Amino acid sequence: MYVLCIVAAAVISSLLAVVTSYLLIKGFSSVSLDFFTKVPTGDPSDPGGMRHALEGTVMLLAMASAVGVPLGILVGIYLSEYTPEWWLVAPVRFICAGLAGVPSIVIGILGYELLVVPMGHFSGYAGALALAFIMVPIVARTTEEMLRLVPQSYREASMGLGATRSQTIVKVILPAATGSIVTGVMLAMARVAGETAPLLFTAATSRLLPRDPSQPFPSLTVQIYHYVSGPYESQHKLAWAGMIVLIGLLLIINVSLRYAASRSVRLK
Numbered sequence: 176m177y178v179l180c181i182v183a184a185a186v187i188s189s190l191l192a193v194v195t196s197y198l199l200i201k202g203f204s205s206v207s208l209d210f211f212t213k214v215p216t217g218d219p220s221d222p223g224g225m226r227h228a229l230e231g232t233v234m235l236l237a238m239a240s241a242v243g244v245p246l247g248i249l250v251g252i253y254l255s256e257y258t259p260e261w262w263l264v265a266p267v268r269f270i271c272a273g274l275a276g277v278p279s280i281v282i283g284i285l286g287y288e289l290l291v292v293p294m295g296h297f298s299g300y301a302g303a304l305a306l307a308f309i310m311v312p313i314v315a316r317t318t319e320e321m322l323r324l325v326p327q328s329y330r331e332a333s334m335g336l337g338a339t340r341s342q343t344i345v346k347v348i349l350p351a352a353t354g355s356i357v358t359g360v361m362l363a364m365a366r367v368a369g370e371t372a373p374l375l376f377t378a379a380t381s382r383l384l385p386r387d388p389s390q391p392f393p394s395l396t397v398q399i400y401h402y403v404s405g406p407y408e409s410q411h412k413l414a415w416a417g418m419i420v421l422i423g424l425l426l427i428i429n430v431s432l433r434y435a436a437s438r439s440v441r442l443k
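For my numbering, count along the sequence shown from 1 and bump the result up by 175.
These aren't lab readings, by the way, just hints derived from the structure by calculation.
Being a predicted model, the structure only gives us computed values, none of them experimental.
Watch out, some of these pointers could steer you wrong.
[As the list claims (entries may be wrong)] With beta-carbon atoms standing in for the labels, derived distance ranges:
id, residue 1, residue 2, range
1, 350, 276, 28 to 34 Å
2, 285, 389, 15 to 21 Å
3, 276, 340, 29 to 35 Å
4, 189, 427, 19 to 25 Å
5, 403, 249, 37 to 43 Å
6, 324, 213, 46 to 52 Å
7, 267, 192, 37 to 43 Å
8, 200, 340, 53 to 59 Å
9, 338, 403, 53 to 59 Å
Glycine included, every Cβ here is placed at the ideal spot set by N, Cα and C.
Produce the complete structure using the sequences and hints provided.
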């Protein structure tokens, strides 16, 4: 069994090395300063860069996190700290579990019908809300599980000193689980950073720098999709470079996640 575990780990590591090497071979030569500083030119022979898509991705993540993270944490607190006193807890937990497994393209279509159609056009706000919808169940379930790991004696001691339940949650329970909750938030951000389908149906794309979220909004994943599906080799090369940058962005998020998790363990 020990040997089988080693073989399995080696196979997974080899697959990762093969995929990473292939991406580097195909796209590293196209990663340049122009990629980060220029916007698309519209000329297939000189496609420019992806500055607009990089900025758009960061802004979409920020807007989605501003909605999804607080909402997800509040839902997680409700599921963890008010069980089994409220009849609504079980349905909410069931809904969160179901939403966590919904394909992203379904969320994209719902976002199109509920946000884009009433507004009459694609927009960054619609894209951010679609990503936030994906983040909420992930953050909620992670927050619930992490808060449940906080010893019950913390709650009893706080309430024994005269604190209310809300004071106990804010001043005792949440600080004790902050590191783990941050880990869950970063997991959710890593998940939505690589989504394409929801943004195709909600934010669409643009060749301009993202300045007005009420208009069609660029993103790295959608721009890669359009370049890869096009007929021009120069755009294909730029798409490979975009994939490398996107993986680098996800790597940064995951390294930050590992650091936050290890720091939480050390503090405990």
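Evaluation of the provided hints:
1. 350 - 276: 28 to 34 Å: holds, 31 Å
2. 285 - 389: 15 to 21 Å: About 20 Å separates the Cβ atoms of residue 285 and residue 389, which means 15 to 21 Å holds.
3. 276 - 340: 29 to 35 Å: 32 Å Cβ-Cβ, so the 29 to 35 Å window holds.
4. 189 - 427: 19 to 25 Å: Holds - the Cβ-Cβ distance for residue 189 and residue 427, about 24 Å, lies within 19 to 25 Å.
5. 403 - 249: 37 to 43 Å: holds, 39 Å
6. 324 - 213: 46 to 52 Å: Given about 48 Å between the Cβ atoms, the range holds.
7. 267 - 192: 37 to 43 Å: With Cβ atoms ~42 Å apart, the hint holds.
8. 200 - 340: 53 to 59 Å: Given range 53 to 59 Å: holds, Cβ gap about 57 Å.
9. 338 - 403: 53 to 59 Å: Hint holds: Cβ distance 56 Å, inside 53 to 59 Å.
Checked against the numbered hints given earlier, this structure breaks none of them.
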